[in-house]
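A.B. asks: For reference, the chains in residue letters:
4 protein chains.
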Amino acid sequence: MAIPTQIKSDTNLLLEYREVRQQSLHICKPLQAEDFVVQPISDVSPPKWHLGHSTWFFENFILAEYYKNYKRFDERLNYFFNSYYESQGPRILRSNRGNITRPGVETILEYRHYVDEHMEQLLQTSLHQEVKDFIRIGLHHEQQHQELLITDIKYILGTNPFFPVYTKSEVGGRKSEIGPANWISISEGIYNIGYQDNGFCFDNELGVHKVFLHDFEIQNRLITNGEYLEFMQNGGYHHFEYWLSEGWEWAKQLEIKAPLYWYEKDSEWYHYTLNGLRQVNLNEPVTHISYFESDAYARWRGLRLPTEFEWEVACNYLHHDIPVNGNFMETEHYHPIAQQDEQDTQLLGNVWEWTGSAYLPYPNFPRLKGALGEYNGKFMVNQMVLRGGSCATPRSHIRPTYRNFFQTDKRWQFTGIRLAK
Amino acid sequence: MAIPTQIKSDTNLLLEYREVRQQSLHICKPLQAEDFVVQPISDVSPPKWHLGHSTWFFENFILAEYYKNYKRFDERLNYFFNSYYESQGPRILRSNRGNITRPGVETILEYRHYVDEHMEQLLQTSLHQEVKDFIRIGLHHEQQHQELLITDIKYILGTNPFFPVYTKSEVGGRKSEIGPANWISISEGIYNIGYQDNGFCFDNELGVHKVFLHDFEIQNRLITNGEYLEFMQNGGYHHFEYWLSEGWEWAKQLEIKAPLYWYEKDSEWYHYTLNGLRQVNLNEPVTHISYFESDAYARWRGLRLPTEFEWEVACNYLHHDIPVNGNFMETEHYHPIAQQDEQDTQLLGNVWEWTGSAYLPYPNFPRLKGALGEYNGKFMVNQMVLRGGSCATPRSHIRPTYRNFFQTDKRWQFTGIRLAK
Amino acid sequence: MAIPTQIKSDTNLLLEYREVRQQSLHICKPLQAEDFVVQPISDVSPPKWHLGHSTWFFENFILAEYYKNYKRFDERLNYFFNSYYESQGPRILRSNRGNITRPGVETILEYRHYVDEHMEQLLQTSLHQEVKDFIRIGLHHEQQHQELLITDIKYILGTNPFFPVYTKSEVGGRKSEIGPANWISISEGIYNIGYQDNGFCFDNELGVHKVFLHDFEIQNRLITNGEYLEFMQNGGYHHFEYWLSEGWEWAKQLEIKAPLYWYEKDSEWYHYTLNGLRQVNLNEPVTHISYFESDAYARWRGLRLPTEFEWEVACNYLHHDIPVNGNFMETEHYHPIAQQDEQDTQLLGNVWEWTGSAYLPYPNFPRLKGALGEYNGKFMVNQMVLRGGSCATPRSHIRPTYRNFFQTDKRWQFTGIRLAK
Amino acid sequence: MAIPTQIKSDTNLLLEYREVRQQSLHICKPLQAEDFVVQPISDVSPPKWHLGHSTWFFENFILAEYYKNYKRFDERLNYFFNSYYESQGPRILRSNRGNITRPGVETILEYRHYVDEHMEQLLQTSLHQEVKDFIRIGLHHEQQHQELLITDIKYILGTNPFFPVYTKSEVGGRKSEIGPANWISISEGIYNIGYQDNGFCFDNELGVHKVFLHDFEIQNRLITNGEYLEFMQNGGYHHFEYWLSEGWEWAKQLEIKAPLYWYEKDSEWYHYTLNGLRQVNLNEPVTHISYFESDAYARWRGLRLPTEFEWEVACNYLHHDIPVNGNFMETEHYHPIAQQDEQDTQLLGNVWEWTGSAYLPYPNFPRLKGALGEYNGKFMVNQMVLRGGSCATPRSHIRPTYRNFFQTDKRWQFTGIRLAK
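Protein chains in written order, with my numbering: chain A, 1 to 421; chain B, 1 to 421; chain C, 1 to 421; chain D, 1 to 421.
Mixed in with the good hints there might be a few duds.
Since the list can't tell identical chains apart, any single copy or any two copies may satisfy a pair.
[What the hints assert, rightly or not] Pairs of lysine-lysine, DSSO-like flavour, derived with a Cα cap of 27 Å:
(1) Lys-378 with Lys-257
(2) Lys-252 with Lys-71
(3) Lys-252 with Lys-378
(4) Lys-168 with Lys-29
(5) Lys-265 with Lys-71
(6) Lys-168 with Lys-421
If you're looking for bench data, these hints aren't it; they were derived computationally from the structure.
So that you can see chain A by itself, here it is in the shape it has in the complex (with noise of 0.2 Å):
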């Protein structure tokens, strides 16, 4: 998470708070109480503990700081809800989250339910800007972990050997197969990168600055499992110079043959969606894919990932608003869907788009104080940008300046590929 640092609309702050409240329950709602404990991998928190920490985010920095005599609901959680803020006292390890059963989920709702009528009291008070920064920061807060909630779900229900159906969802999609990729170009020169708009933003998308770009092509649509495939029966994953050398060593070491929630049955290839197990379709775009082998894609393709600074340049360039009708959380659909025609981009929703840049501090990049600011920067190294949003960001948690990243071996969000040369 990074932290915004210009906020200027608060119309209805108490509706927002409602809704993004509710909608992490709305996620919550096809689970069976077991489904919220478990830790299957490091990466992969338990639900319970999702909501939990987002409501502790607001009764530890808005209720504790802002509602006069606030009475915690239990002192104890702090140990089991704090993250990562050094500041805030010591935390459970981090890899211990799924040993812990109680308080199960019955008493974090609670707890949500306590914490959420103290900020509905505080909400209708009149309050300083500052405050009502700080809880949209929680809101957004609370978006990035409804998207994890929905990846985490997945990565729960998908290593199970009964593959259970989280939604039956059914979308329609076009029968034909689609032809191949157009190429946008874009002209050399220099190109304004950063967040220079009046809303929310976090603070890794400030410190707005020029860039020299060569003149670029980038294709108009993700690559589709059906290009995946080709890779594959190529022996993408069994010849070495496509490959990065530590993702070589990687994709040996693992067995990695083919994308996250892949198997082979029969010679057909299927896959564990949240609308359960399902023959692949080659029209979608391929997803769950780490760096590496977006990389070695691309290389085995004699072509390259776009820069993120390529890619907000294309996407300005192209998109003047956030798609109505885009792939996002709200579609409920939770899987990424094929190209419509060639006017749908797919730069926004769908997968998250693999960049070619590290993920590394902008020139003039802020450095915020107090507790918010221990995530400042911290993770800027050893990680690549990922950009545009997935079937499983909330529509309006996302931007074209928005900075995702990821080491590059991770493959549980839904990441993809798109091509530039």
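For chain A, the structure is supplied; the task is to place chains B, C and D on it using the hints.
C.D. replies: The following block gives chains B, C and D in isolation, referenced to the frame of chain A:
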């Protein structure tokens, strides 16, 4: 688990079946759904796994074999609930048991119900002795898992920062300090070892044979918390000379400084019990210690642990029957109790007693055929024998000849110390 | 290693060959036979391996291809001395290099002699430009291994409790304390980056391209031991807020509290140098620090590391030639030297300078074909760029456009800090 | 190592000293300087370490105590050559022994010379019996390290892809195939176990005591390579039912499919011996196998390993003296030899024989005081007893009561199998 070979009586097998099966559910009553799922360390299985696995045993080895046209509840459960039997097909990695949230507890209770209905029907028909014997193995197998249920639940709750109370139970216990232990003397001679009666026993108790014992003395009670604290306060954990080399490395690396579940607060020692967090009672037997600690304690005292043969001879010498008022699972105290008076030898119940004997086959140890034979002696290496049962052992499950065994670093069972010389 | 693509001059290739090959032996002169064998950490290769591998390069890529009827010295050496090239057959696991005692040093010196004789014969014939170019690559490759020889020997001797002296060398160095660094200002604009000359360069310097830089300032010298000690004495290693999250975990886990080779004795800091164990000289540049430490130091000062583009632009602005009196390998001091005067920018030689740039391909980065192409960009992920060369770099090997790269936790190279803002 | 407590004769101690000390150097004669340094696995110590450590034993426990005004060769060697004794100060981590190149072999030979000169002077004075006893312990200690020198050298050379020959030695060996083993019967009764003579023994042989043995039979020779190959060809390594559970996991994880040093080439089995790589001789005893493999082999045959008590009773029954023509270190063949005739029981020499007994203290096992007492019983857990000595054991070092011990997965010693029933 080991395997019985001689089975005589079969009266009331149906009643026995009901009672044992009911008991497993009774143990789980205080749990919330979340508690059933996790596996905080590899040794500890999720409670729902114990419930399912002991049921699978009846389905797989009894119903599938002897119930005509039996239809399995769900074929896929085999993969999840097969613990060990290579001959029964592929199975989940032990260390992954705690990541499997589905089937949930509800489904597993339905599974138990389904199997119980079919078992009850089967038990009301006329059965060959062999089938009855197999069913009785299944019941003893389930009793072993009842003890594991209790110790695993203790681990799950006891490593939770909230220290939840599993059951309220107060035992009066004597207030006055316990005096020094007395010594019981046994003369040298040739003794018979192993199970020679007509009831049920496991195969590792068979191969009845003679051993020669020199004169020895054994204490008339278990080592208390008070005595163990003396060891701690005399630097027991800091003096290399008391420890086996491997034990010293173990304690250094894991920073072991007290029994499992012990916590120091303001210079007072507390420990987690299934009755909640309590101050350590100096009169109660020390428990949750490894073989390494038991051996170091004995060496510090200038004494030693008894061999399993000395223990068995002493037990046969002192007891003719399993004590009716012993501190077993049925007491539902789930914690060792201080010696009541000098006649209370604490040999059966309370805590498993580490012996100085490695777990090895008796001369003429029999080999079983078939799937159950897989367990046969498979674990007879790098483990030490424990004797006597604990406060978590069903009373009908223990015998003076019963051989339990664990690796030398294990501490999550109710384990304790008795000294010899 | 990266690969040159443009090679023009080829005068005196035979003399060059002799000189470079001789230099490797010269570096090993102070060693005992035992020093040639070991590999205390995976990064550090045994000196005899460097001698053999650089020889194998000529045998395998030059003689086997271009020397008619060439008979290999010993076919089996391929397995041992192939470092990396998948296309050149199976090879020993990198981490096992230090367990292979045979062939011994004597045999490897015979191997060098054998290959050199054949190479000298070949070099006295008329060769195609392509072959000459390949030979020159081999020489630059050997120079890279000369630097590694020095740093690996330092590690082998410097982690020996006897701290053996490798070479006696005293540098006067100025006695007076160095004043604050000055700032050099560079104006915003579009700059060319990459190698544009006619000599030798590696492929990662190619793909000459334009970047836009905002105004920036860069210090006129390296950070000194004295300045770094201030950081340490101000709790630099104990304050989370200065560190990247991953760096903090790294320092905690490995208990890092000072640069590599530093030892505290009676409140004084000493460090191992190739001249023996010496008290830390406050005027000398700090070295043997990781990217994590460099970044934390910069954050503590409220400043930052320069990007590799800023560094290159500053270096081109200040220097027209490689300084003849720079502190390179040829100086045989093998340790950084204090800034001589304010004109001494220390940009070339002394220590490699961590930049804030991730190691990534330049736009239009060329791809090579064939076995040498394997190195091509294989390492362009999760590493940071270092610039400027060190006291262990051959003078003829460095250029302002030279891009070195290491993972963010590496410390055994001569690495240091320069700040920007 | 264990510690002797009864020492009677002391004739010719000086001559004995010279002979034993000389023997260690003799073993190292075929080595190159590089061979002395490495430690390819933690079990294997560098040869120069053995030479130094056995010397340090005399310096530290004899000269420093009993030679007036003794000046140590180099104080700093204590850190490097203290193997284990906590009471003798800090020491290097065992796993780091192979990274320490200085002091080199030359210096260690000087160290030996220096200590030997002082020891010879001391031995020419009149000494208390206690001192003589300690010196003799030192000699037996050095003999133990002579066996380790041989097995460690074998590992260092035998895992080198060049398979260097350590010594040329051909043993005629009989050509005709060996017939089935005969069975020796021993009657049930009470037997004395442990060392009861007047010579030297280690403390783990003391605590002479009685055991009751049932009737048993034991084979009159070791298991051959031919017999072991039958096991392999019958899928011995692939059938779970022959294996201890822990042994099965071990073999699966490390992909163990044959004894250590065996290699299959064109459907023929070869193995590395100190005489070089040779085809496996079917008549020779199988060696370099773990306890797990020995136990699996026995189970496959439907037989078992003897206990250490059965072995000792059989050995005492069959042998009155150590065979002069046995295959010990002095033979300098360094490899087991086929049974010569039916009188050749192979009980002493050739290979250490795994027994079915865990390594535990005898009743009344004595405890030693002082630094040497540290070894006392420190290793009596999770190891199995081996009996009989090997082709690398000095003849004067072995006895029928000698108890060797190793963990159940160790294979780099000369270990083999004899069966009982």
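A.B. asks: Decide, hint by hint, whether the structure agrees.
C.D. replies: Now the hints, each set against the structure:
no. : hint                 : in the structure
1   : Lys-378 with Lys-257 : between (33 Å within a copy, 20 Å between copies)
2   : Lys-252 with Lys-71  : neither (53 Å within a copy, 35 Å between copies)
3   : Lys-252 with Lys-378 : between (30 Å within a copy, 16 Å between copies)
4   : Lys-168 with Lys-29  : within (13 Å within a copy, 34 Å between copies)
5   : Lys-265 with Lys-71  : between (56 Å within a copy, 26 Å between copies)
6   : Lys-168 with Lys-421 : neither (39 Å within a copy, 54 Å between copies)
Hint compliance for this structure: hints 2, 6 are not met, and every other hint is.
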